[in-house]
Amino acid sequence: MSHTFKKAMNRLARWSAIALAAGAAMSVAAQDVGVTATEILIGEVQPMSGPASLIGKAGAAGSKLAIAEINANGGINGRKLRAIYEDDGYVPARSVSSVKKLIDSDKVFGLTGTTGSSHMVAMLPTIEEAKIPTIVHMAPHPSVVNPRRASVFMIGPDYDLAGYVPISHMVEKMNKKGGKYGILYQDDDFGKALLAGYQKAVKQYGLNSVAEIPFKRGAKDFSAEVLTLKDKGANAVYLGTLTTESASVMSEFRRLNMDVTLGTLWAGQLPAAVKLAAPSGYQYLIPDYYASNYDAAGLALMEKAKKFLNADDYANFNRYTVSGYIGTMVFAEGIRRCGANVTRVCVVSELNKLQNFSTGGLSGPVSFNNPKAQAVLPIKLFQTDPASGTVKSVTDFIAY
Amino acid sequence: MRSRTYQNSYAGLVALSNQPTAWVWAAIGILVLALMPAYFGSFGLNMLTAIFVASIGILGLNLLSGVAGQISLGHAGFLLIGAYSQAILTTDYKVPTLIAIFLSGLVAAIASLVVGIPSLRLKGLYLAITTLAFTFIVRHVVLFAEGLTRGSAGMPVDALSIFGFSFKSDVRFYYAALALLLLFIIITLNLMRSRIGRAWLALRDHDIAARAMGIDLMRYKLLAFMVSAFYTGVAGAMVALQTRFINVDTFSILISIEALAMIIVGGMGRIHGAILGTALIIFLPELLSLGFNAAGDNFKNLMADRIYEVKGLMYGVVILLFLRLEPEGMAGIWRKSKRFWVQWPLSQ
Amino acid sequence: MNYFMNLVMSGLVIGTLYGMVAMGFAIIYRATGMVNFAQGEVMMLIAYMSYTFATIPGMTFIPLLACVLTASIVLGLLIEWAFIRPMLGESMFSRVMVTIGLAVVIRSTVILIWGVDPTAFPRPFGNAVIRFGEMALYPGQIFALVSLAVLSLAMWLFFRRSRVGIAMRATSNNETIALLMGINVKRISAIAWALSAVFAAFSGLAFCLMFSLEPEISQMGLRGFPATILGGLDSVVGGAFGGLVIGVVENLAGGYLGRGLKEIAGFVLIIVVLMIKPYGLFGQREIERV
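Chains as they are written, first to last, in this note's numbering: chain A, 1 to 400; chain B, 1 to 348; chain C, 1 to 290.
Hints listed in this document are in silico derivations from the structure and should not be mistaken for laboratory results.
No experiment lies behind these values; they were computed from the predicted model shown.
Some clues are possibly wrong.
[Stated by the list, open to error] Pairs of lysine-lysine, BS3-like flavour, derived with a Cα cap of 27 Å:
#	chain 1	residue 1	chain 2	residue 2
1	A	80	A	353
2	A	372	A	131
3	B	123	A	107
4	B	168	A	131
5	B	123	C	186
6	A	232	A	176
7	A	306	A	275
8	A	275	A	216
9	B	311	A	107
10	A	200	A	176
11	A	304	A	392
12	B	123	C	277
13	A	216	A	203
14	A	307	A	275
15	A	307	A	80
[Said to hold, decoys possible] Stretches of chain A that chain B covers, calculated by requiring three or more beta carbons in the stretch to come under 8 Å of a beta carbon on chain B:
#	region
16	88-96
17	101-108
Here a beta-carbon is modelled for each residue, glycine too, at the ideal position from N, C-alpha and C.
Same shape as in the complex, but just chain A (with noise of 0.2 Å):
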């Protein structure tokens, strides 16, 4: 080798060297994707418009709320939190494309926000991918954790207790073991998680159940499916129906002069559902693992969300809203005890140590301390009011 060729190899060599090491140093002192030294960048999809924009809105809001905040109180360790809010109007399709987007373009540090169960189940592939932490608390669905994967954690029991819970009161507390019962469920994979609730509770307590019928997402007519409930006889009945259904059955229950013990889901105690069934008169009862409007600390919150939310959002406040009001606060949390280092991998790895982390009474402690990094919170149950228009807890939260 020439002389002059030798000297441009090692002049190459040294710059290459100090260029190696100033990189290393940097990107010790570089932040994970999504954090700079002031601000960590956070994404949800949601429902915004379309069928579901009622349950997307308020999680989204419950979120802002969350984030408000805590950036009042100066933030996360010294970083404040900003989020960004997809819209996927209830379809797969632009589910998966809109966390493609947080993903790629945006590039949020973690997930916040997961739209329904089959929409997050669509986006599973290009989340494990990433590797990009994500909490689960608006629709859990047990294919989320199963198997798990290493950066996703999910909120909430599964759906079958929804229908569980209710029965098991109905023959515990109020004395209903003779009664024929009856369930009205949705012909989808949601309605039959109710469906196999409530035939658990049917066979632990050797119940009469005399009719379990289906029904279509978005009837609005239930007039055949009561006549058939009231020609089998029933009187204890669960009704795996959502706000306004619901009304309709109970609508047609006061019609034939039904004398029914009622029962239902969670989301039966979204005010709105609760107004409109009220003209009929039933006092049904709704298991939750969310606090109510009406419980001390839903009260609590409803006043930080007047300080913080819009007057829109303060409206609609309900169990969506405290919802999303924790998945962000657990997913603060998980920041927080990463101290001022915070990438994803650190972020996750407290997530998967933490135990009993208190939501100030607005839900049982969370904890992803197990197999499935799922916190399966306790249920309260809640009986409604129809002379007020509001709920009244039963029990407290009760971990079954």
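On the provided structure of chain A, position chains B and C as indicated by the hints.
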């Protein structure tokens, strides 16, 4: 200014283009598209892939409605059939994914006879509404036949792979979609210049005169439905391969309406119209987002959550504007601009 | 027997909704030869407007009905003048697509103004159940039944006795010739749309009085199609009849067959009927001139 566009041979009349520059432009266009992955990240590629896949379906719908003149509101049903066929064939019967795509198209084509046969008796709006009924019925059948389709739980779909070469990544799938679109464009161009295409045009413009000329209406109507369903079935299979998870919600009745919007905005009966229309309708939400962002934070805060409804509103407004101002759609705008330049400086 | 009669009764009640929507489709088809895919959304808009009227203090039923009917006639005329008339002469496909675009615009506008939350609609007749013998009905359900009966009778007389009805048939057949015959095509078109809005008003009010005020009202439009087809696209009274039949068939299917067959019973029925009678039960056979 161009002149001398007369032909003196049959081959010349039927040729795809009589200008060599048309081929050059086509090659440049394809090259530009092939280079897109260098500039666009996953999100942008995802959208472009969605446009290619939707274009295949719209080309099919265009053949049925724009060329053969049979209104169909039921193409969401064929998309659904194509997607589920792809899922079931690859998951339950272990058919190689590439072959499964074309088999899905075939299944959709056979299913189209359910609508095609009534079409022989029904006309115009009665046919349109029957096709609508078809979509509802397909949806219910999918939910009902749980053993086959897993009902409402939906099905995960294996990624596309040809002889072991996996197309799972966004970039590779983009090229696969582009290749398939080019294939179907060539098929369509050839169909249009064959006797089948001419028979369809006759069927659309005056079916009784066509019958008088000896064109077998029944055969060509059924063929139109089957070919159109084949395209849409393939598009459905590609949608399944892209999102890798399907359930009945993915293909709602809104998709049929969106499809018609793409045809209207693009221009009926024209291939480039179909593709331009698809691209515009799919880009529209993003364009609106950009517009809202550009309008500044104050505007955004004013609208707050209402932004999503405003986007929906704008969608309808765009359709109405096109119908009112440019019924021939983007293809019409293209044609008029082209003529302007060709006739320059004597254009009016 | 009681079970059967109850199912039939409920079927008739829900059938009135389908029937009134179908009548709305039919009158526009009869007069202009096109289908108004925005019928459900117009129904939704009028329902929400009625809600706003109903919340004015001191509004009882008769003034409410008067306000709603006036508003709906004005709305119908406005839509026809602004969106449909400019498209006269364009292809049928374009005209129908305008209604589809209009449907999207109306639905988004209603949600923008009134929000998506379902709301209880005021009950001007009270909420007591009215019992006659074995049957029990809500006032809202009685209103629906009475409305359909009154509207059907009115339409039957209208087409039998008035010249406008015959003029409508001429217009839908061939606009140019109708114009040459001295028929005011624009006026016929406007009347048809105004009438269709009146049907939408009654069906919207009936829906709200029976159920609640919610954005899903617009989906009633699609659900009214089987009734229209069954009765024949251009037969208004046929549409009412078709609605009742579809309602009863659906309920009987739901009560006796169950398993979610209720929803497609209607669609299956119309496909079967169309195979035998391609223009519906009461539709006019379209004679094509070469």
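Practice problem: Mind taking a look at whether chain B covers the region 88-96 of chain A? Criterion is 3 or more residues with CB to CB distance under 8 Å. | Solution: Result for this restraint: holds, n = 6.
Quiz item: Do the alpha carbons of residue 306 of chain A and residue 275 of chain A lie within 27 Å of each other, as the hint requires?
Solution: Cα-Cα ~22 Å, so holds.
Practice problem: Mind taking a look at whether chain B covers the region 101-108 of chain A? Criterion is 3 or more residues with CB to CB distance under 8 Å. | Solution: holds (count 4)
Self-check item: Distance restraint between residue 232 of chain A and residue 176 of chain A, which requires alpha-carbon spacing of 27 Å or less
Solution: Between residue 232 of chain A and residue 176 of chain A the Cα gap is close to 17 Å, so the pair holds against 27 Å.
Quiz item: Straight-line Cα separation of residue 311 of chain B and residue 107 of chain A no greater than 27 Å?
Solution: holds, 24 Å
Quiz item: Is the Cα-Cα distance between residue 123 of chain B and residue 107 of chain A 27 Å or less?
Solution: Violated: residue 123 of chain B and residue 107 of chain A sit about 53 Å apart, past 27 Å.
Exercise. Would you check the hint for residue 123 of chain B and residue 186 of chain C, treating anything up to 27 Å between C-alpha atoms as holding?
Key: Holds. Residue 123 of chain B to residue 186 of chain C sits at ~26 Å (cutoff 27 Å).
Quiz item: Hey, residue 304 of chain A versus residue 392 of chain A, does the alpha-carbon distance stay inside 27 Å?
Solution: Cα-Cα ~21 Å, so holds.
Practice problem: Verify the proposed pairing of residue 216 of chain A with residue 203 of chain A, using a straight-line Cα cut of 27 Å. | Solution: Measuring from Cα to Cα gives roughly 26 Å; hence the hint holds.
Quiz item: Is it true that the CA of residue 80 of chain A sits at most 27 Å from the CA of residue 353 of chain A?
Solution: Status holds; Cα separation ~24 Å.
Practice problem: Compare the distance between the alpha carbons of residue 307 of chain A and residue 275 of chain A with 27 Å, and conclude whether the hinted pair is satisfied. | Solution: Holds, at roughly 25 Å.
Exercise. For the pair we were handed, residue 123 of chain B and residue 277 of chain C, check the Cα-Cα distance against 27 Å.
Key: Holds, at roughly 12 Å.
Checked against the numbered hints above, the structure breaks only hint 3 and satisfies the rest.
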